[in-house]
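Number of protein chains: 2
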Amino acid sequence: MLGELKALTQLEFSLTSDRPQPGMLRPRGRTERIRTAVLAATRAELQAHGYAELTVERVADAAGVAKSTVYRRWRDTTGLLTELLRELVRTDLPLPDSGSIETDLRELALGISRFYADPVQRSLFLGVIAAAVHDPRAADALREFYAARNSQAAESVQRAVKRGELPADTDPVEVIRALGAPFYYRMLVTHEPVNDAVAEKAAAAALAAVRAGAHRTR
Amino acid sequence: MLGELKALTQLEFSLTSDRPQPGMLRPRGRTERIRTAVLAATRAELQAHGYAELTVERVADAAGVAKSTVYRRWRDTTGLLTELLRELVRTDLPLPDSGSIETDLRELALGISRFYADPVQRSLFLGVIAAAVHDPRAADALREFYAARNSQAAESVQRAVKRGELPADTDPVEVIRALGAPFYYRMLVTHEPVNDAVAEKAAAAALAAVRAGAHRTR
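Note that the protein sequences, when read in sequence, are chains G and W. All residue numbers for the first sequence refer to the numbering used here, where the first residue is 1 and numbers rise by one. All residue numbers for the second sequence refer to the numbering used here, where the first residue is 219 and numbers rise by one.
Since the hints were derived computationally from the structure, they do not count as laboratory data. Where a beta carbon is used, it is the ideal one built from N, C-alpha and C, also for glycine. Any given hint could be a false lead.
[To be verified] Distance ranges between label pairs, derived from CB positions:
1) W:Arg248 / G:Asp196: 48 to 56 Å
2) W:Arg308 / G:His49: 37 to 45 Å
3) G:Gly213 / W:Asp279: 34 to 42 Å
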């Protein structure tokens, strides 16, 4: 199970790899080649120097592309980060299906804590989240990303409802929101650590709440 | 009870008022007069134009203070916002004490949703949270603010534990974190609305989780 979890984390979040992911669009022609090179350079710059140092100039240099091309197409670093997010949501995501909602929620939560243990992934997401407070492009990209990811993850909850493990009128996406919320609260609001112990608690809390009927559709 | 709740919300969060709050330090001498004027001008600018338009120049003009004074003392808008946050945490906060943890958690959650219905307060907090992703001064201010506020709010949970309503080894602050997390998740991550319905669900979920022993000290 730990092996599966590792594969899950790696596949969902392989931002630092340049290999194409299953389900990702294939490059086509010059426009697509530029796009692929610029996104790979953005990932490499995030990895090497972090979000605070990310500039359009550095990305253009690293990609071997004219700065004006990057400015015209992506405008700024927020444009680059939101496109990385859109790329990520197109990848297929293997999700836990253990036959027990308790195990599935625990695996999903551990996937989140391990994802954010990677500084590049943490930089990308926190950078987009910070930008989204003032930039509607980033807010739209986040809304789309989490709408897609949360409804994929909610399939575990739907299966548990069908098995009779959870109340019939459970709102599956609400359970996934509840599972994720404690991580972002700690990273963004209280600036407290995020680790596997936080994940275990988040999973236990989400499970208790959904069992008690706190996450019902209305 | 609604009257009490309104008073609670107003007193905790009267950012838009210039009246001194109970427990707030009194101005002393020229330095304190400048500080009071600059913070009042920051609040007024946030109210009139929002965070995106906030600049040191505008604040200095509105306060009738030299720009160089504001730059020297607060450096930038993040310095101004973090000082507003520090001011806010010094105010006394009347907290619910209904004799029932269910009612107390519901009142606390409704206080949060109503707080963020005010665009000035929302601007201030989301602005500081976005800045804190890259600026340790803002992160420190948030950490201090929520450490103080969450431990004050946790007194409701401590009383419920003493009354025997909740497990004896409950972690009171963890319950308050769980109560707050869904609001920030929606405002910052998924960009979904925050309202009283979200508050009711957050309170029900936190209550179910703590009753089931998901928020224990370890």
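Going through the hints against the structure:
1. W:Arg248 / G:Asp196: 48 to 56 Å: For Arg248 (chain W) and Asp196 (chain G) the Cβ distance comes to about 53 Å; the hint holds.
2. W:Arg308 / G:His49: 37 to 45 Å: With a Cβ separation near 39 Å, Arg308 (chain W) and His49 (chain G) satisfy 37 to 45 Å, so the hint holds.
3. G:Gly213 / W:Asp279: 34 to 42 Å: violated (55 Å)
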